[in-house]
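Colleague: Here's the letter readout for the chains.
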Amino acid sequence: MKYAALLLLALALPVQAGSKIIATGGATSIEGAAGGGIVPWAVINGYASSEQWSVLAFNNNVGVDDFSLHTYGVAASYNNEWELSFTRQQFDLDTLGGDLQQDVIGLKYHIAGELLYSQLPQLSAGIQYKKHRNFALPSAVGAKDDSDIDYYLAASKVYFAAVAGRNLLLNATLRASRANQIGLLGFGSHSDNSYQWLVESSAAVLLTPQLAVGVEFRQKPNQLDFADEQHWRDIFAAWFINKNFSLVGGYVDLGRIAGFSEQQGYYLALEATW
Amino acid sequence: MTVKQTPLLVALLLCLSLSACSQQPQKTDQLYLALGAQAGLEQLVDGLLLEIEQDQQIVHHFQDTDIPRFRRLLIEQLCELSGGPCTYTGATMQESHTGFQISQADFDNLVTHLMTVMQRQKIDIKAQNQLLALLAPMYKDVVYR
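Top line first, the protein sequences correspond to chains E and C.
Counting with this note's numbering, you get residues 1 to 274 for the letters of the first sequence.
Counting with this note's numbering, you get residues 275 to 419 for the letters of the second sequence.
Just to be clear, a hint being listed does not mean it is correct.
[Stated by the list, open to error] Residues of chain E clear of chain C, computed beta-carbon distances all greater than 10 Å:
#, residue
1, Gln-52
2, Glu-114
3, Tyr-117
4, Gly-142
5, Phe-160
6, Ala-164
7, Arg-166
8, Leu-174
9, Gly-249
10, Phe-260
[To be verified] In silico PhoX-like links for lysine-lysine, alpha-carbon gap of 25 Å or less:
#, chain 1, residue 1, chain 2, residue 2
11, E, Lys-144, E, Lys-157
12, C, Lys-414, E, Lys-131
13, C, Lys-400, E, Lys-131
14, C, Lys-414, C, Lys-400
Keep in mind the hints are simulated off the structure, nothing from the lab.
Here a beta-carbon is modelled for each residue, glycine too, at the ideal position from N, C-alpha and C.
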């Protein structure tokens, strides 16, 4: 239903997007930042180039063995410099029953470098303010806080004709976080409430200017005593149908979540941009 | 290590650290040929001029431009860049763009037009990307001059 609504919206408003080159706004990650699926990149979302605005709506879905995550939100960018996003995440506990919800407000600033045009990679800094909406369960399993801020630095660069004549995008992100399972299980714990530095990275090959395939890795902390948390990985294909619409499909491995091991499954994201 | 080997080593290190290797002009005419040689470049530039003409955002930058001369110089420049048998006789990118107040959005539009025309001409994707690799670094000499 949400897909249909997004699709209709995209088709009904095929107005000009901004000037940026197709695909250079990336997709939208599950926390609302422009990036891949699970990693924020240094790119600014949408197609707003200098002195232009861009707005977008997105919906991401992850379905693994015992859980599913549905996120939806809106975002805006200006001048290929500022990015603001509002995201609601709903994490369904398919096997246990019930769900957890969290809101994420993200802000990203493009500091230096140009993804396509400079030798220096594009560098951006971002924050994600996260607020849990039903904290009883995270609290019961030992999380300390129901809200917190993640900070990250990201570097992204496209290397032309790098792999079999195709363009290659490399991204590295360094995040400081106290979030348990990205915040869905709250923040910090009573035994360990310090920020941790986490490394995240993505690599994607643009088979054509509109079609990319890639891999991602996201290091995760492991602060809650009740259950191990493991690093996340995915492989994905992203189709930038035009500047108004993109579709990402993937396969994710989220490791162990709340005692359930080998959580693997699909990733599907849709985005409409103006 | 002898003194003679040092410059080679320095060059190699520079190459590795700055990835200067990939930025150097083509030493063969492979790209020139993949772009369709002289006829292909003429078609490419003509296609680009048509795209520019229809782009309200950037066309005003060309209102005082001598289009036949611009066309000839751009073909010449692309020919030289891609390893063809030409010598570019125009001004440097910095000289020819200073004072035009070309924005990043203008530059992005031009790149999009170039990509559109290359795709329309069915130029091999590797050659498309190699040409973009040669043109992308000109951004700093063109934008906000």
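Colleague: The structure should be examined with respect to each hint, and the outcome stated for every one.
Modeller: Hints versus structure:
Taking the minimum C-beta to C-beta distance to chain C, about 6 Å, the non-interface status of E:Gln-52 is violated against the 10 Å cut. Not every Cβ of chain C is farther than 10 Å from the Cβ of E:Glu-114; the closest lies at roughly 6 Å, contradicting the non-interface assignment. The claim that E:Tyr-117 lies off the interface is violated: its Cβ sits roughly 4 Å from the closest Cβ of chain C, which falls inside the 10 Å cut-off. With a cut of 10 Å on Cβ distances, E:Gly-142 stays outside the contact zone with chain C, its closest approach being about 47 Å.
The non-interface label for E:Phe-160 is inconsistent with chain C: the shortest C-beta to C-beta separation is roughly 3 Å, within 10 Å. Listed as outside the interface, E:Ala-164 is inconsistent with that label: its C-beta sits roughly 7 Å from the nearest C-beta of chain C, within the 10 Å cut-off. Some Cβ of chain C comes within 10 Å of the Cβ of E:Arg-166; the nearest lies about 7 Å off, and the non-interface call is violated. Residue-level check passed: E:Leu-174 sits 22 Å from the nearest beta carbon of chain C, beyond 10 Å.
Taking the minimum C-beta to C-beta distance to chain C, about 22 Å, the non-interface status of E:Gly-249 holds against the 10 Å cut. Listed as a non-interface residue, E:Phe-260 keeps its Cβ farther than 10 Å from every Cβ of chain C; the least gap is roughly 43 Å. Between E:Lys-144 and E:Lys-157 the CA atoms are separated by roughly 37 Å; this puts the pair beyond 25 Å, and the hint is violated. Of the supplied pair hints, the one linking C:Lys-414 and E:Lys-131 is violated, its CA atoms being roughly 41 Å apart against a limit of 25 Å.
With a CA separation close to 46 Å, the supplied pair C:Lys-400 and E:Lys-131 exceeds the 25 Å bound. Taken as a hint, the C:Lys-414 and C:Lys-400 pair is honoured in the structure, with Cα atoms around 24 Å apart against an allowance of 25 Å.
Checked against the numbered hints above, the structure violates hints 1, 2, 3, 5, 6, 7, 11, 12, 13; every other hint is satisfied.
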